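Chemist: Take a look at the letters that make up each chain.
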Amino acid sequence: MSTRLARILTTIFVLAVVLLPIYWLVSTSLKSNREITQEGTLYPHVPTFDNYVRLFTEKQFGSYLTNSLVVTFFSVAIALVAGAMGAYAIARFRLPLAMEGKVGLFLLTLRIIPPVVILIPVYLLMLHLGLLDSWLGLIATYTAFNVTFCVWMMESFFREIPVDLEEAAMVDGDSRFGAFRRITLPLAAPGLAATAIFAVLVTFNEFLFALALTATPRAMTMPRGTATLIGRIDTDWASMSAAGVIGALPIVFFALLVQRHLVRGLTMGAVK
Amino acid sequence: MQRAARARKYRLQGAGLDLALPYLMLAPGLTIVLGVLVYPLWDGLRASTRAYRYGSPVADVGFQNYVHLWSDGQFLNSLWVTVKFVALSVSFEAVLGFALALFCLREFQGIRLLRTVLIIPMVITPVVVAIVFRLIYASDAGMLTALSEAMGGGEAQILGNPLNAFIGLVVLDVWEWTPLMFLILLAGLQSLPHEPFEAARVDGAGAWRVFADLTFPMMRPVLAVAIVLRTIDAFGTFDQVFVLTRGGPGEATRLVSIYGYDTAFKFQQTGYAAALFVTIGLVVLALAFSAIRLLRRVDAS
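If you read the protein sequences in the order shown, they are chains Y and S.
Going by my numbering, the first sequence opens with residue 1, and the numbers climb by one from there.
Going by my numbering, the second sequence opens with residue 273, and the numbers climb by one from there.
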């Protein structure tokens, strides 16, 4: 009986630690700035949605959201296609100089280097190409980052699928690429889904490159736009908390929806 | 046998257009990676040996930028802050995550809710996580202040005090990333074989003995990988600090990433910042590869 009680108490404690900060964010977003700074209430006494309305009418959050969705969609989609093909090539073919093994290691090495290390030269590159503050600049950058781990994750998924199935398809008259497209790819679908979900999370949440590469609502993504609310002297807590809720909502909803794939993707690399 | 397998692989490679297929399939991915990651890396190396004025190179200075780093008190301090931050955060995350994973190993009511809720901190945008913690720590609008005032106390001083701000940053990281540690370790625990544990139970071993003699040694590789992954990641932490404290007060929470960013974009010392980042990249790579080598040796023995 006492272990049961200890278990319940621990569960409640963990839930409280995780959820209280989020409660405070949501609760603050429903208060007026006056209530936040002067009254210090523990819950919104006069709940209001003004903060949310203001984000979209005065602070261009519509644009930020659109930019985020466009940039995330294209950089994940392109990386998945390019990554799946690249992964298949190194999982199934022998290349000269045993390159099939080295490409994977090379991409993994690129993945280990903290992104901040190449921030300056990527900034200079986009500056010279005239791609600062544009969708294209962000999409190119995020696609490259996504390709590194898409190839790395998908290679192992493809290796798990028996070659015989492709051989059978080719005996039946399919081309090599046809066998890949019609047989291997559908079989690897759950793995591809896990990879895609992981890519969406990382891309939607990215801040550092968005900070350096964008400057106006033309291309600013959600995290980047949210950071513009942080003032030097005066902090508009009401807008900031509402922006936090808007920024977190789509991604949390998405994560809970695809929970099982997500956990698989997150833990796969480590346990193997 | 091996020869047969090799022959089969060659046969699979086919003839005609199929011979070029692997290269055609690799080309799009490699092109974008070479263009947007590898070229900048090379460019960064070049920039690190130059002096810049107003964003354009004015002189070749060889390794001077690198030498200068080691007599730059602000860089050394940021390095020290980063090491402290990474060591503290990752240790807490490993211990808490492991404890939580052991706790959740046995099925009980509420465990599914717990596991679902634990996903939230690590998927929320890091910028938003930082906003959440600013809302907790702020001396005027913060949760801690509100709680303290509700109990008759005064304003909570977190972000204005160097030590408290640093602890506050570690707490943020632990809140955000313990769940990842937990998920990895739980998956590891669930993949352990059952037999040794049953044998131990038959032998009447206590819970502590089972943990010290079976669970922990068997979990060591997974634990090591999880710690290495988190350590590499934590070294690059930027977003949370940028939003929470901007490196302050003073230099109390200024990690190398923040110092490098300021050097490049605020102080416009492009070459010097590039040298700083190349150094950080090398440190992290060295760390990662020695960890991998160590793991392989443990695996082999």
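If you are wondering where the hints come from, they were derived from the structure by calculation, not from laboratory data.
Since the structure is predicted, the reported quantities are computational estimates derived from the model, not experimental observations.
Glycine residues also receive a C-beta, built at the ideal position from the N, C-alpha and C atoms.
Possibly wrong hints are sitting among the right ones.
Unchecked claim - Simulated restraints, written as ranges between beta carbons of each label pair:
{"no.": "1", "chain 1": "S", "residue 1": "479", "chain 2": "Y", "residue 2": "45", "range": "35 to 41 Å"}
{"no.": "2", "chain 1": "Y", "residue 1": "249", "chain 2": "S", "residue 2": "520", "range": "49 to 55 Å"}
{"no.": "3", "chain 1": "S", "residue 1": "341", "chain 2": "Y", "residue 2": "54", "range": "22 to 28 Å"}
{"no.": "4", "chain 1": "S", "residue 1": "567", "chain 2": "Y", "residue 2": "190", "range": "50 to 56 Å"}
{"no.": "5", "chain 1": "Y", "residue 1": "23", "chain 2": "S", "residue 2": "330", "range": "52 to 58 Å"}
{"no.": "6", "chain 1": "Y", "residue 1": "259", "chain 2": "S", "residue 2": "425", "range": "36 to 42 Å"}
{"no.": "7", "chain 1": "Y", "residue 1": "10", "chain 2": "S", "residue 2": "335", "range": "50 to 56 Å"}
{"no.": "8", "chain 1": "Y", "residue 1": "34", "chain 2": "S", "residue 2": "439", "range": "27 to 33 Å"}
{"no.": "9", "chain 1": "Y", "residue 1": "190", "chain 2": "S", "residue 2": "303", "range": "25 to 31 Å"}
{"no.": "10", "chain 1": "S", "residue 1": "522", "chain 2": "Y", "residue 2": "96", "range": "54 to 60 Å"}
Unchecked claim - Facing chain Y, a subset of chain S residues (Cβ under 10 Å, in silico):
{"no.": "11", "residue": "351"}
{"no.": "12", "residue": "366"}
{"no.": "13", "residue": "391"}
{"no.": "14", "residue": "407"}
{"no.": "15", "residue": "539"}
Chemist: Take the hints in turn and mark each one as holding or not.
Modeler: Structure-based check of all given hints:
1. S:479 with Y:45: 35 to 41 Å: For residue 45 of chain Y against residue 479 of chain S, whose Cβ atoms are near 49 Å apart, the range 35 to 41 Å is violated.
2. Y:249 with S:520: 49 to 55 Å: violated, 30 Å
3. S:341 with Y:54: 22 to 28 Å: violated, 45 Å
4. S:567 with Y:190: 50 to 56 Å: Hint violated: Cβ distance 28 Å, outside 50 to 56 Å.
5. Y:23 with S:330: 52 to 58 Å: Roughly 54 Å apart at Cβ, these two residues keep to the hinted range, so it holds.
6. Y:259 with S:425: 36 to 42 Å: holds, 40 Å
7. Y:10 with S:335: 50 to 56 Å: Holds, at about 54 Å.
8. Y:34 with S:439: 27 to 33 Å: holds, 31 Å
9. Y:190 with S:303: 25 to 31 Å: holds, 28 Å
10. S:522 with Y:96: 54 to 60 Å: Given a distance of about 56 Å, which is inside 54 to 60 Å, the answer is holds.
11. 351: Violated - the Cβ of residue 351 of chain S stays beyond 10 Å from chain Y, reaching only about 14 Å at its closest.
12. 366: violated, 12 Å
13. 391: holds, 6 Å
14. 407: holds, 6 Å
15. 539: With Cβ-Cβ at 13 Å, over 10 Å, it is violated.
Of the numbered hints given earlier, the model fails hints 1, 2, 3, 4, 11, 12 and 15; all others are met.
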